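K.L.:
Listed below, chain by chain, are the residues.
There are 2 protein chains.
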Amino acid sequence: MPLSKAEIQRLRSLRDKKHREELGLFVVEGEKVVAEILAAGSAQKFFFAELYATRLWMKENPKAADYLGATEVTVEEMVRISHFPTPSSVLAVGTITRLPLAPGALDLGLTLALDGVQDAGNVGTLLRIADWFGLDRVVLSPDCADLFHQKVIHASMGSFARVPAHTADLAAVLAQAKVPVLGCELEGDDVHGLAALRDAVIVVGSEGSGLSAAVKKCVTRSVTIPRFGGAESLNAAVAAAIVCDNLRRLTGR
Amino acid sequence: MPLSKAEIQRLRSLRDKKHREELGLFVVEGEKVVAEILAAGSAQKFFFAELYATRLWMKENPKAADYLGATEVTVEEMVRISHFPTPSSVLAVGTITRLPLAPGALDLGLTLALDGVQDAGNVGTLLRIADWFGLDRVVLSPDCADLFHQKVIHASMGSFARVPAHTADLAAVLAQAKVPVLGCELEGDDVHGLAALRDAVIVVGSEGSGLSAAVKKCVTRSVTIPRFGGAESLNAAVAAAIVCDNLRRLTGR
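Top line first, the protein sequences correspond to chains A and B. Take the first sequence: its letter number 128 is residue 128 in this note's numbering, and every next letter is one higher. Take the second sequence: its letter number 74 is residue 74 in this note's numbering, and every next letter is one higher.
Isolated chain A (complex conformation) (with noise of 0.2 Å):
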């Protein structure tokens, strides 16, 4: 049975975050993608709540395809829903879930922060490095890339479906925690002098401004990592990587 137009209309106006908002859904695209949410759908927190597939990927996806009741349609359908001009054999609806983050939460573990972090490809990596060094959470402040951004989902390699992300004031949290606050900063301490610490909070901001005057008041500890060279920054992804590769060797598991 082919899609109806308003099935189509709404499948499309997830694209825009004021739609996906008022509906509660969001898209993902493209065979890799799509398997890796699935893959990691054993912590459940993002069911898929719609799979639309072609017949080839149906074939392919047996599993995924029954136990999600996929619906098959044409290329030209996929064509006329997908949100890119080269559509892939798979798009999938989910069920957005806003995490709320508990009083006290960050005071337990490592918690990567982003202040402003706009650009949706470096949130998405972000996540992805959250994910890599095993930490327990990420706060994002509400003027980040929207977490439910398709280049957020994709940029983080599934690592979107796996890592706890959380959007809040992140100065008034901040300001609430026990445990040390670090931002990565130009100016501050040598992240190579770092003491081991198991609880702590880091904080990455902007591409262009950095971090906010608000949340720089929570900060307790600056730290930059060594510059040898000529380049004025490193991205905040590359900086917040390097940070928790220190914290990691000091602390292991």
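In case anyone wonders, no lab produced these hints; they're calculated from the structure. What you are looking at is a predicted structure, and each value in this text was computed from that prediction instead of being measured. All clues given are correct.
Since the list gives no way to pick out one identical chain from another, each pair is judged satisfied if it fits inside one copy or across any two copies.
Below are the DSS-like pairs computed for lysine-lysine, each with C-alpha atoms no more than 30 Å apart in a straight line:
1. K18 <-> K32
2. K32 <-> K216
3. K32 <-> K151
4. K178 <-> K216
5. K63 <-> K5
6. K17 <-> K5
7. K217 <-> K178
Given chain A, put chain B in place with the hints provided.
P.N.:
For chain B alone, kept in the frame of chain A given last:
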């Protein structure tokens, strides 16, 4: 005097690698990146041969405009010559300079080698990382993104004009190297256990497929970044940065 049709055609053609190579020229657009490259100009590796700018840019950058004999263009002309849908106020043309790699060059200092890194943004970020850590050079295999692609230059944030970068048959030059060749891989020795190395090559592979078979044969030591969570891999630029940071922690300047 308005730009001729042929002139506009020539500038537009520099989008394609084929035409860049034919004419030996490349294009850089954008106030920020042009300013960064002008500021990095003390090294004078990449002279701008031509510069096109709006009256406003000329007024705000009198020295550069004068020095380069800049051509004032209207906003309409800028729209026509720009490689982007939304043009900026300045477009510079540089001369492609291919730096030869002297025999034995890899045996002194630290080299970052890129094996088939096809994403232009990643190549630019890797140049920026090599610059930050004061590496002596970057060597790219011929199947990497073109060094003179605008996206590479943009992502490098000016490091393009500071770090000596060479394109070479990577396996051939690595086979001649007398220094340790460290391969960033998923299986290898813990990067935290590296000994201090003042002369070495760090090799990173492509996002999708890692190091090529020919390059792998030249690796004298595989190094890996300890993983604590669920992500399958780290981005090539992130991995390279962490290895550089660990080497610099041990050797300093």
